[in-house]
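> Required output: the full structure, derived from the provided sequences and hints.
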Amino acid sequence: MSEQNPAVDDLLKRAQGYHEQIGDFNDALVEGLYEDAARIADHVVAQGTHARKTFDETLDRILTSRTWGFPIMIALLGLVLWVTITGANVPSGLLADLLLGVVYTWLHQLFAAISAPWWITGFLVDGVYMATAWVISVMLPPMAIFFPLFTLLEDFGYLPRVAFNLDRVFAKAGAHGKQALTMTMGFGCNAAGVIATRVIDSPRERLIAIITNNFSLCNGRWPTQILIATIFIGALVPPALSGTASMLAVLGVAVLGVTLSFGVSWGLSKTLLKGEASSFYLELPPYRPPRILQTLYTSVIDRTLIVLWRAVVMAAPAGAILWTLSNITVGDANIAAHVVNALDPIGWFIGLNGVILLAYVLAIPANEIVIPTVLMLTLMVGGTAAGQPGVMVEFDTARQTAEVLVGIGGWTLLTGINLMLFSLMHNPCSTTILTIYQETKSLKWTVVATVLPILMGIATTTAITWIARALRLV
Amino acid sequence: MSQSAPGAPRTFPLSELKPGAGAVVARIEFEGLQRRRLLDLGIVPGTAIRAELDSPMGDPRAYLVRGALIALRNAQAARIVMTEETD
Amino acid sequence: MTVNEHTQIPLSHGSACATCPAAHLQRVGIDTSNADYVVALAGNPNTGKSTVFNALTGLRQHTGNWPGKTVTRMEGMFRYGDKAYKLVDLPGTYSLLATSEDEEVARDFILFGQPHVTVVVVDATRLERNLNLALQVLEITDRAVVCLNLMDEARRHGLDIDHRRLARELGVPVVPTAARQGEGIMDLVATIADVAASRYARHPHRLLLKDPHLVRAVSDLASDLQKMYPGLPNARWVALRLMDNDPRMVEAVRSGELADLIAAQSGQMGGPGALELASA
Numbered sequence: 001m002s003e004q005n006p007a008v009d010d011l012l013k014r015a016q017g018y019h020e021q022i023g024d025f026n027d028a029l030v031e032g033l034y035e036d037a038a039r040i041a042d043h044v045v046a047q048g049t050h051a052r053k054t055f056d057e058t059l060d061r062i063l064t065s066r067t068w069g070f071p072i073m074i075a076l077l078g079l080v081l082w083v084t085i086t087g088a089n090v091p092s093g094l095l096a097d098l099l100l101g102v103v104y105t106w107l108h109q110l111f112a113a114i115s116a117p118w119w120i121t122g123f124l125v126d127g128v129y130m131a132t133a134w135v136i137s138v139m140l141p142p143m144a145i146f147f148p149l150f151t152l153l154e155d156f157g158y159l160p161r162v163a164f165n166l167d168r169v170f171a172k173a174g175a176h177g178k179q180a181l182t183m184t185m186g187f188g189c190n191a192a193g194v195i196a197t198r199v200i201d202s203p204r205e206r207l208i209a210i211i212t213n214n215f216s217l218c219n220g221r222w223p224t225q226i227l228i229a230t231i232f233i234g235a236l237v238p239p240a241l242s243g244t245a246s247m248l249a250v251l252g253v254a255v256l257g258v259t260l261s262f263g264v265s266w267g268l269s270k271t272l273l274k275g276e277a278s279s280f281y282l283e284l285p286p287y288r289p290p291r292i293l294q295t296l297y298t299s300v301i302d303r304t305l306i307v308l309w310r311a312v313v314m315a316a317p318a319g320a321i322l323w324t325l326s327n328i329t330v331g332d333a334n335i336a337a338h339v340v341n342a343l344d345p346i347g348w349f350i351g352l353n354g355v356i357l358l359a360y361v362l363a364i365p366a367n368e369i370v371i372p373t374v375l376m377l378t379l380m381v382g383g384t385a386a387g388q389p390g391v392m393v394e395f396d397t398a399r400q401t402a403e404v405l406v407g408i409g410g411w412t413l414l415t416g417i418n419l420m421l422f423s424l425m426h427n428p429c430s431t432t433i434l435t436i437y438q439e440t441k442s443l444k445w446t447v448v449a450t451v452l453p454i455l456m457g458i459a460t461t462t463a464i465t466w467i468a469r470a471l472r473l474v
Numbered sequence: 001m002s003q004s005a006p007g008a009p010r011t012f013p014l015s016e017l018k019p020g021a022g023a024v025v026a027r028i029e030f031e032g033l034q035r036r037r038l039l040d041l042g043i044v045p046g047t048a049i050r051a052e053l054d055s056p057m058g059d060p061r062a063y064l065v066r067g068a069l070i071a072l073r074n075a076q077a078a079r080i081v082m083t084e085e086t087d
Numbered sequence: 001m002t003v004n005e006h007t008q009i010p011l012s013h014g015s016a017c018a019t020c021p022a023a024h025l026q027r028v029g030i031d032t033s034n035a036d037y038v039v040a041l042a043g044n045p046n047t048g049k050s051t052v053f054n055a056l057t058g059l060r061q062h063t064g065n066w067p068g069k070t071v072t073r074m075e076g077m078f079r080y081g082d083k084a085y086k087l088v089d090l091p092g093t094y095s096l097l098a099t100s101e102d103e104e105v106a107r108d109f110i111l112f113g114q115p116h117v118t119v120v121v122v123d124a125t126r127l128e129r130n131l132n133l134a135l136q137v138l139e140i141t142d143r144a145v146v147c148l149n150l151m152d153e154a155r156r157h158g159l160d161i162d163h164r165r166l167a168r169e170l171g172v173p174v175v176p177t178a179a180r181q182g183e184g185i186m187d188l189v190a191t192i193a194d195v196a197a198s199r200y201a202r203h204p205h206r207l208l209l210k211d212p213h214l215v216r217a218v219s220d221l222a223s224d225l226q227k228m229y230p231g232l233p234n235a236r237w238v239a240l241r242l243m244d245n246d247p248r249m250v251e252a253v254r255s256g257e258l259a260d261l262i263a264a265q266s267g268q269m270g271g272p273g274a275l276e277l278a279s280a
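Residue numbers (this note's numbering), protein chains in the order written: chain C, 1 to 474; chain G, 1 to 87; chain X, 1 to 280.
Derived by calculation from the structure, the hints in this document are not laboratory data. The beta-carbon is built from N, C-alpha and C at its ideal position, and this holds for glycine as well. Among the clues, some could well be false.
Simulated pairs of lysine to any residue, SDA-like, Cα-Cα distance not exceeding 25 angstroms [to be verified]: (1) C:172 to G:37; (2) C:274 to G:75; (3) X:210 to G:25; (4) C:53 to G:47; (5) C:172 to G:75; (6) C:270 to C:437.
For the chain G half of the interface with chain C, some residues (derived, Cβ under 10 angstroms), not all of them [unchecked claim]: (7) 17; (8) 24; (9) 31; (10) 37; (11) 40; (12) 57; (13) 81.
Okay, here's the thing in structure tokens:
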């Protein structure tokens, strides 16, 4: 295969010679290409193609203007988030009623009818099925709303304008304007946000976008935030204002997340990921009318499949493990209780507790199962019969949840605040970790992306806790 | 950065092109990969470019190049040297 | 996160398929290696290339109006007549000359991957800018089809494009399409089939070089290349790449890989070996 052919060598040598002689002819080549292209286009196209449509021009002027650009951007993205949260409420409730109520009961009856042993029923129905059903009812509606909306914006051509508007802010933080898009996508799902970083050419800036994506509060973490805010923050103010107060608290956490993204980007660009700002080329495509029905159809199917996959592959095993841990007795208590008790001292130190820590370990596959796991563990460790049948317990009102957490679990306002912060700053879910590895092909950076947020989270909650204790607030 | 040698056409960096105004590329002060990237986008000496949009913070700006709207940071546009359109 | 990438979702055919021989066209969304022909899909970003890909293969690939990356290598299949065609979606690039990963992947595949047909998707509303890539592709391969996409947008903008004249200028078939509506897709498929089976006479456009030194250097090297590798269709391109010190090309010449490719190409279908070279 690699014969030393003298003719070949001579050819290569001459080519090298010409290369040195003529130098970089690329300019001439490209100029020639464009001249050719222009000539051909001239002969072939009946109308000048250089004028922009008035609609495009006017719209662009508004969307990137000094006065309207930013407000419109914030309003649009806020609208997408708001529609997702409120729009997902009813379907989630319906799905929960169906899957966690009707089907769950039916499954129990079925297993009883075939006289299945308690541990098979428990493992399959209370463990595997419940976790899967929970993820579907909590995740499917918001994902099926957020992503189609986002995709419509993308198809329309608006998203590059967002990157255009925000590039300067990101450049100052050592990152790339297109990170605005990946961050926004991360509010739907961090794994999707990580994949979206492919649009960033520079590896350095791409890594920054990947590592900081976790600070975008993904769909799976909103329920935790909203619930805890309602219970602990909403309770601080008169009932009439509690709804507003809790929403503001969640918003605050989300904004904190965005701030952290910038801060960590800046920090990374000064330390681990030092480098030059890359060149920035962004084409602002013409606006195209989105094919709404087509996009909605394909996007909804897409996200449904992804949620189903996640429920089966990630949540089901977590449910199985949780059930097993809670039903194998060693000594005087089940394994889960042992672990919780062992973790309690550490939990106390960092401002959380053993239940939360174990729940977060078990919820590595899927953030959305944190709350039900917490509830179940609290009940079990607190020794209440109410927790028995199902692994994933669902309560109808925040009040019931509050009773369990505060009454049985001994949670305080400090715990609530710490949990909200920890939910923002902890390791990415396993799907995201896998995706990060697939995209970076680097074990080192995957570890950084996984460990950095959780270190920040622990540091934050610990600091807050000890300051509060020092100030005698708790 | 504007030069006005007697008899020579006035040159100025693309980043200083007034909004809505047009000019012609005189030369590109980049080498290597960045140069090729710009050439590939159609920013070739002799190309007419019009400044179309400014982002809210003034940087980057978007330019109309052969029918496409290309956004460039000012630091980059500063190294694309333009000259007045001659018709 | 690969669940969605191989789901078979039939897209609407649009009005074009009421009378077309759609019965022959089956869309298979699975990647197999029993293909009779390999078709490469190239084009600038944001030309609706993904839509064309989806229309041909029925594969689920997001088609955003975002001039960035799609998945680096999407493959799909479609059948027409009694032949199976494997469609490889190359990264969207503005050019094949600059040394970025995308451009290398694209040009290496077209040259070393030996697709039977290369389809260049061009945005009808931005023809001048898009032709740059098309002209480069025509330097590398003469088995090409230009897909003049986004004709619906062109009509909306009031543009009138003489695609027959374009075909004459470029020397390869040009098929107007509006992939979003399914318009022109059947014509595209038929043209791809024709070119694959070499039923189409091709005299592709060749770039005019102006610098006399360059012209002389290129002819010198190109004629030698022709002598050493009879049957090399793009000696000028190879010469240009060698003069540009393209490491991949230098390596291919030195190691004899280029010779093997020419041997494999003459009369052959460009078997799996050729594809493996490009999958590195």
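> A separate judgement is required for each hint: does it hold in the structure or not?
Against the structure, the hints:
Only pairs whose Cα atoms come within 25 angstroms are accepted, and residue 172 of chain C paired with residue 37 of chain G is accepted, the gap being roughly 23 angstroms. Between the alpha carbons of residue 274 of chain C and residue 75 of chain G the distance comes to roughly 19 angstroms, so the proposed pair stays at or under 25 angstroms and holds. Straight-line distance between C-alpha atoms of residue 210 of chain X and residue 25 of chain G comes to about 20 angstroms, which keeps the hinted pair within the 25 angstroms bound. Using a Cα cut-off of 25 angstroms, the hinted pair residue 53 of chain C and residue 47 of chain G holds, with the two alpha carbons roughly 21 angstroms apart.
Pair hint residue 172 of chain C plus residue 75 of chain G holds up; C-alpha atoms about 13 angstroms apart against a cutoff of 25 angstroms. With a C-alpha separation of about 23 angstroms, the suggested pair residue 270 of chain C and residue 437 of chain C falls inside the 25 angstroms cut-off, and the hint holds. The closest approach between the C-beta of residue 17 of chain G and any C-beta of chain C is roughly 16 angstroms, which is over the 10 angstroms cut-off, so the hint fails. Hint on residue 24 of chain G is violated. Least Cβ distance to chain C is approximately 13 angstroms, over the 10 angstroms limit.
With 10 angstroms as the threshold, the beta carbon of residue 31 of chain G comes within range of chain C, its nearest partner Cβ sitting at about 8 angstroms, so the hint holds. About 6 angstroms separates the beta-carbon of residue 37 of chain G from the nearest beta-carbon of chain C, less than 10 angstroms, and the hint is met. Because the smallest distance between the Cβ of residue 40 of chain G and any Cβ of chain C comes to about 7 angstroms, under 10 angstroms, the interface hint for this residue holds. Taken as an interface hint, residue 57 of chain G checks out: its beta carbon lies about 4 angstroms from the nearest beta carbon of chain C, inside 10 angstroms.
Taking 10 angstroms as the C-beta cut-off, the interface hint given for residue 81 of chain G is violated, the closest approach to chain C being about 14 angstroms.
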